[in-house]
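J.: Okay, here's what each chain looks like letter by letter:
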Amino acid sequence: MKKQGRGIATIMFGFGYGEGFPDHAIASAEIEEGGKILIRTAAADVGQGVLTIITQIAAEVLKVKPEAIRIIPGDTHLTKNSGSSSATRQTFFTGNAVKEASEGLLSNIYHYASIEFRSNHVELGIKDGYIFRNDNPKNKLSYWELAERVKERGDSLKAEASFFPRTDIPDPKTGQGKKVYVAYTFVTQVIEVEVDTDTGIVEVLNVYTAADIGKAINPKNVEGQIEGGTVQGIGMALMEEQVIKEGITLNPDLTSYLIPTSMDTPHFATLLVENEDSEGPFGAKGIGEPATIATTPAIANAIYDAIGVRIYHLPITPEKILKALKEENKRGNKEGF
Amino acid sequence: MSKLTIGFIINGQKKTIETTTSTRLLDLIRDDLHLTGTKEGCGKGECGACTVIMNGELVASCLILATQSDGAVITTIEGIGDNECLDPVQEAFIETGAVQCGFCTPGMILAAKKMLEENPHPDEEEIKRGISGNLCRCTGYQKIIDAIKLAANRLSSKNGGRSEKDD
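Heads up: the sequence lines are chains A and B, in that order.
Be aware that the first sequence starts at 5, since it is given in our numbering, and climbs by one per residue.
Be aware that the second sequence starts at 7, since it is given in our numbering, and climbs by one per residue.
Careful: at least some of the hints might be erroneous.
Here are the simulated distance ranges between beta carbons [said to hold, decoys possible]:
id : chain 1 : residue 1 : chain 2 : residue 2 : range
1  : A       : V277      : B       : N17       : 23 to 29 Å
2  : B       : R135      : A       : R314      : 29 to 35 Å
3  : A       : K69       : B       : D88       : 23 to 29 Å
4  : A       : F190      : B       : R135      : 33 to 39 Å
5  : A       : I119      : B       : E46       : 37 to 43 Å
6  : A       : N124      : B       : C91       : 49 to 55 Å
7  : A       : N333      : B       : R135      : 31 to 37 Å
8  : A       : E152      : B       : E124      : 57 to 63 Å
9  : A       : H317      : B       : S28       : 40 to 46 Å
10 : B       : K50       : A       : P70       : 55 to 61 Å
Everything labelled a hint here was simulated from the structure, so no lab data went into it.
Where is the CB? At the ideal position from N, CA and C, for every residue including glycine.
Let's have the full structure, built from the sequences with the hints guiding it.
T.: Written out as structure tokens, the structure is:
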């Protein structure tokens, strides 16, 4: 018989290293020849999209099209430390460093343009990579023309910034601290499953996600992180199990250690909650790891809702479900149901 | 290890190359022809990262000996499109956000191409089945499925077939 059930789970996730670690990121922004603005950062894009995010941030701050941004990523010779792509930290840390470096560059653009135009920065306007006096917008200088003038003065149009927030070491006795992490991401998932009580096979039908991520700098990217994280959570809930015996992994391949395929993908509906309530760039918070955490408990709850039996050991394989149903049945018979 | 010379057509180009009887097609493609778009994932035909099209069939190039490709017609990801002229499937992958780390993408796109050739109007279940031999750890597959739907709609309206909205 096929039985359907619905489960819910909510998680909170403090991201960045936190706990008093000297976690930080450095980035720089400079006007370079050839009509580009160069951003340097060591942030590693392993597919999560940090380079897309910082391109958007730099373009937004400097009021240019994203195409005008060029990035040198992760070159020990040419970039400074941006910290690891881990702990769900790159959008927050490197995003902030790039935002501050871009703001520093923008300040320098205003500074030198006010000298060129013999004007005060508040009387200057900026649009599409040009700076001008508001009372005479036709007489404008591009960032790159301005950079040439600045070079003649023996200086250059660039800025470097680091983002280095303070966090507190939690009290070893109570685990409490004033600011243990830079911010927290919250995710709630409601998941609907169908359990086949003859085979024990669980199908994940629908996943409804609400994620409080402060600000989705790239909503498609955030959705991609949530969908990917959720399907990893489905793997953890239903199939992924490393079998180790005397230090040897007995299932070191993808036919005996199963991960989800396209056939296991559920229907997704995702709501992004954007309260811009963190110190991240434009209020953004991290979503990498938080995306995967709620899925497994929500599925376990949904299975309980469907069949009335709670399974406490992951993964919840068909064998475990059939065994649990059989035991429940026996207990039921004994009690005379 | 005995050496021998084989010939085949790869991405529309005739090639004659010396290889050994124990060389895998995957290594011939990557190391000898320097077509590094084809990836090695598991190396045992489970993950689909090394997928190429050989004589009209999707194959795991890690399971094929180079010598078996003598006389064959092979298409790798490099034969689908390039930076100047992307295939509609590649364009759809970019637009929908179907690429994260990118390691599964070449095999995924070849599987999608092959499926759309055989079935130009797949429904969601058919798309899922069509790429079920290609594993992806990043995306959760949804954006890949969306990309293939988008490509199918565009290709069918371009080919004067059933026209659907691109959404």
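J.: If a hint holds in the structure, say so; if it does not, say that too.
T.: Against the structure, the hints come out as follows:
1. Our hint of 23 to 29 Å for V277(A) and N17(B) is violated, since their Cβ atoms are close to 47 Å apart.
2. A hinted range of 29 to 35 Å for the beta carbons of R135(B) and R314(A) is consistent with their spacing of about 33 Å.
3. Take K69(A) and D88(B): their Cβ atoms lie about 24 Å apart, and the range 23 to 29 Å holds.
4. Checked against the hint of 33 to 39 Å, the C-beta distance between F190(A) and R135(B) comes to roughly 36 Å, which is consistent with it.
5. Take I119(A) and E46(B): their Cβ atoms lie about 57 Å apart, and the range 37 to 43 Å is violated.
6. For the hinted restraint 49 to 55 Å between N124(A) and C91(B), the CB-CB distance of approximately 51 Å keeps it satisfied.
7. Against the hinted window of 31 to 37 Å, the Cβ-Cβ separation of N333(A) and R135(B) comes to about 35 Å, which satisfies the hint.
8. One distance hint, 57 to 63 Å for the beta-carbon pair E152(A) and E124(B), holds here, with the actual separation near 58 Å.
9. As the Cβ distance of H317(A) to S28(B) is approximately 44 Å, the hint placing it in 40 to 46 Å holds.
10. Checked against the hint of 55 to 61 Å, the C-beta distance between K50(B) and P70(A) comes to roughly 41 Å, which is inconsistent with it.
In summary, the numbered hints that this structure violates are 1, 5, 10.
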